Amino acid sequence: MNDSSAIPVGLRVHLAHAAVQSIADGCRADILHVKGPALDAALRPTTIVDVDGTPIEKPSPRWSTDADILVRPAHVPRMMRALTDHAWDVVTRFETGSVFEHAASLWHSHLGYVDVHRRFPGIQLDAAEAFELMWRGRHEVLIAHQSVAVPAIDVQRLVLLLHAARGGGLKNPDGRLWTEAAEADQQRTLALAEQFNAEVALAAATGRLDEYAHDPTAPLWRVMVAGGTPNRVDEWVARFRAAPGIPARARVLGRSLIVNTDHLAMRLHRAPTRAEVAEEYLHRVAKLGREGLLAWRRRVGKWRS
Amino acid sequence: MKYRVPGDVAWLSGHDLVETDDAVYVMRVPDGVPVVLSGTASLIWELAVAGESVVDAVAEGLAVADEHVAGDVQRFLTQLCDHGLLEPAPQEDQ
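Listed in order, the protein sequences are those of chains E and C. So the first sequence is numbered by this note's numbering: it starts at -12 and just counts up by one. So the second sequence is numbered by this note's numbering: it starts at 2 and just counts up by one.
Isolated chain E, as found in the complex (with noise of 0.2 Å):
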């Protein structure tokens, strides 16, 4: 018997799902399989393999580097205190994971990184509720042979989808889901996305955004869409206008210079001292001046031409 680190990730992953469902048991979370080896075998890509000269399509594995589940939102905060009780430790939090604040990101020495979301981006539903909605048309699949439950088929192309709009929409691998679909699946999608209130971002994955165009959140899936390393304060900008009411966007406003400490600890492989982090935010404060003033020539520059 050899250790565990000579586990490919693709496959470690496996056995950390069967894990990370083992701790929701024991605490009684709720909790869906997302992506990666979760994924119904029809949304992945085919392959033709030769078995005895016969060619034959097969759905590919589908490989990911970390295990991704969608947690029940009443149920997060236990299951985030049986994950770190099972040696899992917390990478990034919520509030520090991504302009959504949807997912934390865990880490464990044998297993790899598990993505704890407790909502998806681009589902504007309450979290709770979309939850639900997902819950009740889960079912149950195994991942290294212990039983897992993922959510429906359509929901799984849409989760996907939604993901795709946060990376280049149909120029993402995922995009495909949208190009591929036949018409039925496509029009089973957007009757989902509007059950999920997810109209904007879909539409952003599919390349039709600008049907949206007077939504407040297009802006911000016009940047996200794009994908790359987008123009902070364009970002910010957009986030503010996304954002719904006045103690959101003070939030917003707030955060745009609250140094990332989570970031800046993965960055430095410890945690930064109180130097460390004074400099980190006057880093900050003097890219988002300069990145403004870029911002603010082509908008004028726009504006003459």
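None of these hints come from the bench; they were simulated from the model. These numbers come from a predicted model, not from an experiment. Think of the CB as a built atom: it goes at the ideal place given N, C-alpha and C, for glycine as much as any other residue. A few of these clues could be false.
Here are the in silico distance ranges between beta carbons for each label pair [unchecked claim]:
#, chain 1, residue 1, chain 2, residue 2, range
1, E, Glu181, C, Gly62, 53 to 59 Å
2, E, Asp39, C, Arg5, 27 to 33 Å
3, E, Asp172, C, Val19, 26 to 32 Å
4, E, Glu127, C, Ala64, 50 to 56 Å
Put chain C on the given structure of chain E with help from the hints.
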């Protein structure tokens, strides 16, 4: 003797994902240390979880008499049981 996988053991065969990977990856969830079984170890695992009589099957596969492999195979199966990765199947399943 026949064996089965306890309910708290997760495992997968490498070749389910990579054609050239003949290893088996096994762990007790949620807190066990994952182990890699390769070569003959993975063959023994696959035979055990298939409900085969492992010693007979390995001897047949290697075209040798049972007594040549029985000691090593049995020791390895005992080791897997000691780690909680396998357990003897109930008599009615044998």
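Do the hints match the structure? See the list:
no.: 1; hint: Glu181/E x Gly62/C: 53 to 59 Å; in the structure: holds, 57 Å
no.: 2; hint: Asp39/E x Arg5/C: 27 to 33 Å; in the structure: holds, 31 Å
no.: 3; hint: Asp172/E x Val19/C: 26 to 32 Å; in the structure: holds, 30 Å
no.: 4; hint: Glu127/E x Ala64/C: 50 to 56 Å; in the structure: violated, 42 Å
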